[in-house]
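Peer 1: Sequence:
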Amino acid sequence: MTTSLAPDATADPSSPRSRPGSADPATRRRPFSGGASAGNRWQRLAFGKDQPRWVRPSAFGLLLASAFIYLWNLTNSGYANSFYAAAIQAGSKNWVAWFFGSIDAGNAITVDKPPAAFWIPGLLGRIFGFDSLTMLLPEALMGVASVALMYAAVKRVSGPVAGLLAGGALAATPVAALMFRFNNPDAMLTLCLVLAAYMTVRAVEKAGWKWLAGAGAIIGLAFLTKMLQGMVIVPALALAYLWAAPTTLRRRLLHLLGALGGIIVVAGAYVLAFTLTPAGMRPYMAGSKTNSFLELTFGYNGFARIFGTMGNRGGGAGNAPGGAADVGAAAAQSGLSGFAGGPGGAGGPGGGNAGFGGSAGLLRMFGSSFGTEISWLLPAALILLVAGLWFTRRAIRTDRVRASLIVWGGWTLITAAVFSFMTGTVHPYYAIALAPGIAGVIGI
1 MTTSLAPDAT ADPSSPRSRP GSADPATRRR PFSGGASAGN RWQRLAFGKD
51 QPRWVRPSAF GLLLASAFIY LWNLTNSGYA NSFYAAAIQA GSKNWVAWFF
101 GSIDAGNAIT VDKPPAAFWI PGLLGRIFGF DSLTMLLPEA LMGVASVALM
151 YAAVKRVSGP VAGLLAGGAL AATPVAALMF RFNNPDAMLT LCLVLAAYMT
201 VRAVEKAGWK WLAGAGAIIG LAFLTKMLQG MVIVPALALA YLWAAPTTLR
251 RRLLHLLGAL GGIIVVAGAY VLAFTLTPAG MRPYMAGSKT NSFLELTFGY
301 NGFARIFGTM GNRGGGAGNA PGGAADVGAA AAQSGLSGFA GGPGGAGGPG
351 GGNAGFGGSA GLLRMFGSSF GTEISWLLPA ALILLVAGLW FTRRAIRTDR
401 VRASLIVWGG WTLITAAVFS FMTGTVHPYY AIALAPGIAG VIGI
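Residue numbers (the working numbering): 1 to 444.
Bear in mind the hints are in silico, worked out from the structure with no lab data behind them.
Don't take every hint at face value.
As the list claims (entries may be wrong) - Restraint-style ranges between C-beta atoms, simulated for each label pair:
id, residue 1, residue 2, range
1, Leu-64, Gly-280, 33 to 43 Å
2, Met-231, Ala-177, 43 to 53 Å
3, Met-231, Thr-398, 24 to 34 Å
4, Gly-268, Arg-53, 46 to 56 Å
5, Ser-359, Leu-382, 16 to 26 Å
6, Gly-129, Leu-382, 24 to 34 Å
Cβ atoms here follow ideal geometry from the backbone N, Cα and C, with glycine treated the same way.
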């Protein structure tokens with residue numbers, strides 16, 4: 001009996017089984033992970049996976065351009081707003097001052113804002129020494145992070161071109177180029193709000209309660225940055241999730257309650273700590289008559305801003321970027337060297353606060369004060385918002401594009417309405433809070 005043995009396939013160089021990586025999966029050996037594999041990893045990092053090769057380099061270019069705008073000659077602003085610079089310097093020297101936002105290391109009195117915006121610069125000042133760079137660098141980096149999140153949020157829904165438009169619109173806005181180079185709380189406020197919007201967009205995709213609860217926690221941090229202004233966009237985020245999340249109405253409501261819990265836990269923890277700390281162990285709460293955080297929240301920094309009560313009509317000197325001489329003097333008396341108070345800005349007149357942001361009313365956002373900051377894009381955003389909602393009117397309830405339009409369009413409408421009709425102190429640089437909403441609508 002003659003048997004013919006087939007030649008061993010592995011001996012034939014032309015056989016598929018003899019080629020590297022083509023062996024049986026059970027016995028296949030991992031290929032050499034040298035240059036080729038490392039090169040693939042670098043390619044994936046540079047160009048991404050399953051997307052056109054231009055997408056990721058374009059995104060990197062957007063972030064580099066943003067970093068250039070916000071970081072170039074950063075210390076030219078000096079100590080920027082000396083009112084907040086005093087609190088940051090005090091926090092770099094004393095932990096109690098850092099936690100409560102005291103304007104002096106002796107912990108006599110706080111600034112008229114919550115302290116969250118001063119925590120990171122204060123830590124950098126403690127580690128590396130307080131100066132203009134350690135104070136302003138976090139603000140610039142927060143600006144770059146805001147642009148990145150703006151790009152990512154819009155790209156997830158409408159693609160990379162829309163993401164680049166949205167990120168570019170935010171990065172190039174004049175008020176953003178100003179406030180991401182300044183030490184007012186608005187830089188951190190903007191970052192928190194954009195991050196909360198991004199997390200809401202993610203939550204809407206698959207009814208992700210964890211993303212929504214995270215958005216609530218970030219809103220709580222925004223509250224600890226600039227009190228009720230951090231809550232302005234909450235109705236837009238809640239409506240988007242309630243309308244479009246792909247789950248039952250009951251679950252959507254429960255998830256929104258979880259987000260509310262996130263706000264309460266983060267914001268409430270600090271309010272509770274402030275309230276329970278004996279008055280003799282912490283600085284006095286500026287802007288309040290009873291040394292109360294909640295009084296400041298709902299009084300001077302709350303309804304008084306909206307309705308112009310409690311002397312909150314046409315702000316006092318030095319509240320806008322530019323410094324306050326009396327604050328600089330107080331800082332010097334407390335032993336805080338390094339800067340002097342600049343001249344205080346002139347107080348605006350009462351009756352609508354025309355001295356800062358123009359007279360209250362529907363046209364305030366288009367006046368000379370706000371118009372040059374961001375409002376020149378507002379008409380385009382409103383037209384595009386109406387068009388977007390019209391074209392998606394017959395889409396399914398869970399349509400992500402319409403949900404994102406609710407997020408960014410609701411942000412724009414609510415913020416613009418508040419700024420237009422508030423009769424208390426309002427400054428044109430507040431428009432930074434309007435910029436992401438407009439940018440998102442334009443991108444989509």
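Peer 1: None of the hints should be skipped; say for each whether it holds.
Peer 2: Structure-based check of all given hints:
1. Leu-64 x Gly-280: 33 to 43 Å: Roughly 50 Å apart at Cβ, these two residues miss the hinted range, so it is violated.
2. Met-231 x Ala-177: 43 to 53 Å: Cβ of Met-231 to Cβ of Ala-177: about 26 Å, so the range 43 to 53 Å is violated.
3. Met-231 x Thr-398: 24 to 34 Å: With a Cβ separation near 26 Å, Met-231 and Thr-398 satisfy 24 to 34 Å, so the hint holds.
4. Gly-268 x Arg-53: 46 to 56 Å: Since the Cβ atoms of Gly-268 and Arg-53 sit about 48 Å apart, the hinted range of 46 to 56 Å holds.
5. Ser-359 x Leu-382: 16 to 26 Å: holds (21 Å)
6. Gly-129 x Leu-382: 24 to 34 Å: violated (47 Å)
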